[in-house]
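Following the hints, put chain B in place on chain A, whose structure we already have.
In the order they appear, the protein sequences are chains A and B.
To get the working numbering, take the position in the first sequence, counting from 1, and add 155.
To get the working numbering, take the position in the second sequence, counting from 1, and add 155.
Among the hints, a few may not be true.
Since the list can't tell identical chains apart, any single copy or any two copies may satisfy a pair.
Under the rule of at most 30 Å between Cα atoms (straight-line distance), these lysine-lysine pairs were calculated in the DSBU-like manner [claimed, not checked]: (1) 505 to 345; (2) 474 to 505; (3) 265 to 433; (4) 210 to 389; (5) 210 to 176; (6) 440 to 487; (7) 346 to 173.
Just so you know, these hints were derived from the structure itself, not from any lab.
All values reported here derive from a predicted model rather than from experimental measurement.
Read off the chains here:
Number of protein chains: 2
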Amino acid sequence: MALIVQKYGGTSVGSIEKIKKVAERVIEYCKKGNRLVVVLSAMAGQTDSLIRLSKEIIDTPDPRELDVLMATGEQVSVSLFAIAVKSMGYDCRSLLGFQASIHTDQIYGKARIRKVDTNRIIRELDENRIIAVAGFQGIDESSNITTLGRGGSDTTAVALAAVLKADLCEIFTDVEGVFSADPNICTHAKKLDRISYEEMLELASLGAKVLDIRSLEFAKKFNVPIHVRSSFTKSEGTMVVEENKEMEKVMVSGVVFDKNEARITIVKAPDRPGIAFKIFDPVFKAGVVVDMIVQNTSAEGLTDLTFTVTKTDFQETMKLLKQVVQEIGAEKVLGDQDIAKVSIVGLGMKNHAGVASKMFETLSKENINISMISTSEIKISCVIEEKYTELAVRTLHESFGLGDEKEKN
Amino acid sequence: MALIVQKYGGTSVGSIEKIKKVAERVIEYCKKGNRLVVVLSAMAGQTDSLIRLSKEIIDTPDPRELDVLMATGEQVSVSLFAIAVKSMGYDCRSLLGFQASIHTDQIYGKARIRKVDTNRIIRELDENRIIAVAGFQGIDESSNITTLGRGGSDTTAVALAAVLKADLCEIFTDVEGVFSADPNICTHAKKLDRISYEEMLELASLGAKVLDIRSLEFAKKFNVPIHVRSSFTKSEGTMVVEENKEMEKVMVSGVVFDKNEARITIVKAPDRPGIAFKIFDPVFKAGVVVDMIVQNTSAEGLTDLTFTVTKTDFQETMKLLKQVVQEIGAEKVLGDQDIAKVSIVGLGMKNHAGVASKMFETLSKENINISMISTSEIKISCVIEEKYTELAVRTLHESFGLGDEKEKN
Numbered sequence: 156m157a158l159i160v161q162k163y164g165g166t167s168v169g170s171i172e173k174i175k176k177v178a179e180r181v182i183e184y185c186k187k188g189n190r191l192v193v194v195l196s197a198m199a200g201q202t203d204s205l206i207r208l209s210k211e212i213i214d215t216p217d218p219r220e221l222d223v224l225m226a227t228g229e230q231v232s233v234s235l236f237a238i239a240v241k242s243m244g245y246d247c248r249s250l251l252g253f254q255a256s257i258h259t260d261q262i263y264g265k266a267r268i269r270k271v272d273t274n275r276i277i278r279e280l281d282e283n284r285i286i287a288v289a290g291f292q293g294i295d296e297s298s299n300i301t302t303l304g305r306g307g308s309d310t311t312a313v314a315l316a317a318v319l320k321a322d323l324c325e326i327f328t329d330v331e332g333v334f335s336a337d338p339n340i341c342t343h344a345k346k347l348d349r350i351s352y353e354e355m356l357e358l359a360s361l362g363a364k365v366l367d368i369r370s371l372e373f374a375k376k377f378n379v380p381i382h383v384r385s386s387f388t389k390s391e392g393t394m395v396v397e398e399n400k401e402m403e404k405v406m407v408s409g410v411v412f413d414k415n416e417a418r419i420t421i422v423k424a425p426d427r428p429g430i431a432f433k434i435f436d437p438v439f440k441a442g443v444v445v446d447m448i449v450q451n452t453s454a455e456g457l458t459d460l461t462f463t464v465t466k467t468d469f470q471e472t473m474k475l476l477k478q479v480v481q482e483i484g485a486e487k488v489l490g491d492q493d494i495a496k497v498s499i500v501g502l503g504m505k506n507h508a509g510v511a512s513k514m515f516e517t518l519s520k521e522n523i524n525i526s527m528i529s530t531s532e533i534k535i536s537c538v539i540e541e542k543y544t545e546l547a548v549r550t551l552h553e554s555f556g557l558g559d560e561k562e563k564n
Numbered sequence: 156m157a158l159i160v161q162k163y164g165g166t167s168v169g170s171i172e173k174i175k176k177v178a179e180r181v182i183e184y185c186k187k188g189n190r191l192v193v194v195l196s197a198m199a200g201q202t203d204s205l206i207r208l209s210k211e212i213i214d215t216p217d218p219r220e221l222d223v224l225m226a227t228g229e230q231v232s233v234s235l236f237a238i239a240v241k242s243m244g245y246d247c248r249s250l251l252g253f254q255a256s257i258h259t260d261q262i263y264g265k266a267r268i269r270k271v272d273t274n275r276i277i278r279e280l281d282e283n284r285i286i287a288v289a290g291f292q293g294i295d296e297s298s299n300i301t302t303l304g305r306g307g308s309d310t311t312a313v314a315l316a317a318v319l320k321a322d323l324c325e326i327f328t329d330v331e332g333v334f335s336a337d338p339n340i341c342t343h344a345k346k347l348d349r350i351s352y353e354e355m356l357e358l359a360s361l362g363a364k365v366l367d368i369r370s371l372e373f374a375k376k377f378n379v380p381i382h383v384r385s386s387f388t389k390s391e392g393t394m395v396v397e398e399n400k401e402m403e404k405v406m407v408s409g410v411v412f413d414k415n416e417a418r419i420t421i422v423k424a425p426d427r428p429g430i431a432f433k434i435f436d437p438v439f440k441a442g443v444v445v446d447m448i449v450q451n452t453s454a455e456g457l458t459d460l461t462f463t464v465t466k467t468d469f470q471e472t473m474k475l476l477k478q479v480v481q482e483i484g485a486e487k488v489l490g491d492q493d494i495a496k497v498s499i500v501g502l503g504m505k506n507h508a509g510v511a512s513k514m515f516e517t518l519s520k521e522n523i524n525i526s527m528i529s530t531s532e533i534k535i536s537c538v539i540e541e542k543y544t545e546l547a548v549r550t551l552h553e554s555f556g557l558g559d560e561k562e563k564n
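Only chain A is shown next, with the shape it has when bound in the complex:
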């Protein structure tokens, strides 16, 4: 008798009909003798319409109260789901964040799970009930409602799987699994049967939207096997698991891109200790997340410093830096929003030389200029002009032989 934690996203529970379908699917698992903990997101569109409602009052609603408001989304879907399961003759109970004892820190809007007290869930499971847990929400130590941020339901599911020592954590979503590239761009893109936590982490942080990054960190830490699969078909998806020797034979697993970043360059900043701090301190303090940072070697005591931020933070960061440039005596600040980041990810890179040079060669053959490069053990990212994104993804996908052979013929 296996214990399975399943998570269904917003599109999977987007209507009463779809909620019933999910209920049927969950009951099928029960009939096979499994015990089920089901984590649900809010019905698709619900979260956005709640945000809109609050913005009718003020542009920046109070974060504590916004979390109270947002948490109703998952409360609606778990209660409707439990009503559906019970209407089909199976016992089911919904549990909200405070009932499932999901304790977080107090950072409203993007809280982190600190601990989960499993007593209540185990008691309910022992009563032979299906447990429906509201994703995305928890409580802080003063019983205030917190939410985990977008993608938070993934984190709820993986955290529960970890503390309950579940046999499997299944993430049901609107795609078939993790692909070697976006199938909308590469028609030959191949569904990956297995991928390591590390690769998936890189893919997620580089723009693949299948799984939330924090949930992967959790899964890796507690070694929770994750099955990413479609809620609309029965076919197998992608298993995300601990790396093994077999996996390292694969040089590159996938190609991803991210069009949400913008590039900023500080031109001819004086190259002396503390200059990076002076530049980035106001940026970080404004809550801007900086991704890649590249500093050129100094020439004549001056250096260029380039980095990327998300497009939404671009204007604010440019404004901040115009002042900083004056203070530190740099020449000027340049910005470019028409860029994209294209990355290849693969465990095999660790042991194979020449992956980077093959990537650069592939792009150069298509006359695509690389303006920034950043590498880690298992990924290489290049910033290029935005208009070449799809071309770059397709040629890289092909040159590394990632396509599905059957599809090709």
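The following block gives chain B in isolation, referenced to the frame of chain A:
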């Protein structure tokens, strides 16, 4: 510095604009140095649309899960209210049932408050915050969400006023207060400045929809002064308070009617011990609420037994009784849905003889036949044909001199 508990109903918070208005009103009270605990209902229409959603799944949704669903209504309004107050520069916190420690029994859908732990509310008040409490909801001893049934937010407000020993409990609603009769029927109806808990209890249970009955029982028990007033004007409403000598001088305070009942008669039942039990036991077990019961004196060992139920329970009760009639050997069961109950209420009746006969005389002058009579210390109810309801209310209102003299001229 007074502590005031205020309750705003669904129409008072029916839109973002109205929620802002309520926030402004509450802040005005704060500026005068008062401490505020504000209880809110769900935005008008919200509760009904949640019920509809659940009924798309099944006609009789699981009661536990229905309460989880319903509780989101008040969660939305308190969080939006708190966002509005904070956007106006005042500190405010929303508290849900579990946070405000409103403990109830486990009867989902119509739970009763057992105790309220005020620690959290007092702590938040001491931080100079306005407290917004979600009405209508609580938790049972296993931390399951319960709801108090329709009108439950009134009960939440009065219960909080009682345990917090508030100086005043203000119920803001869409009417100006309690009237001597429905102003839609009697144009001369007068707003009552003061009324006793007992009279208000009778009025509420006889069909006046201004205040929930359970909230009045609470108010009476803990002697909480209630001010019923309009959320759309600034004028004074009606104070509901403990009775005093002054009040007893008023013979009749108001006339009310109720068209929601139907009458059922068991004809020629054998008049022997246990017969009432045999008739009513299956009815009560089916959850039907019986209001008036009248049994005629026995003639030839046979008796007629008449009682009223709500129109929604009428069909089911008739079906039940057709079987009972056969079992006990009565002649038949008759039903009539075209009835209305008209009642007069007043503390003064206790000491004034002749109020009943004046009521009967007034109705007889208009040729209105009375088919059932029921009395208590401070009210007299008569069942009449439904079509005479308005006529009866108007003539009783006039004959007892309840109208507003100024309006008359």
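>> To test your reading of the hints: which numbers does this structure violate?
In response: 2
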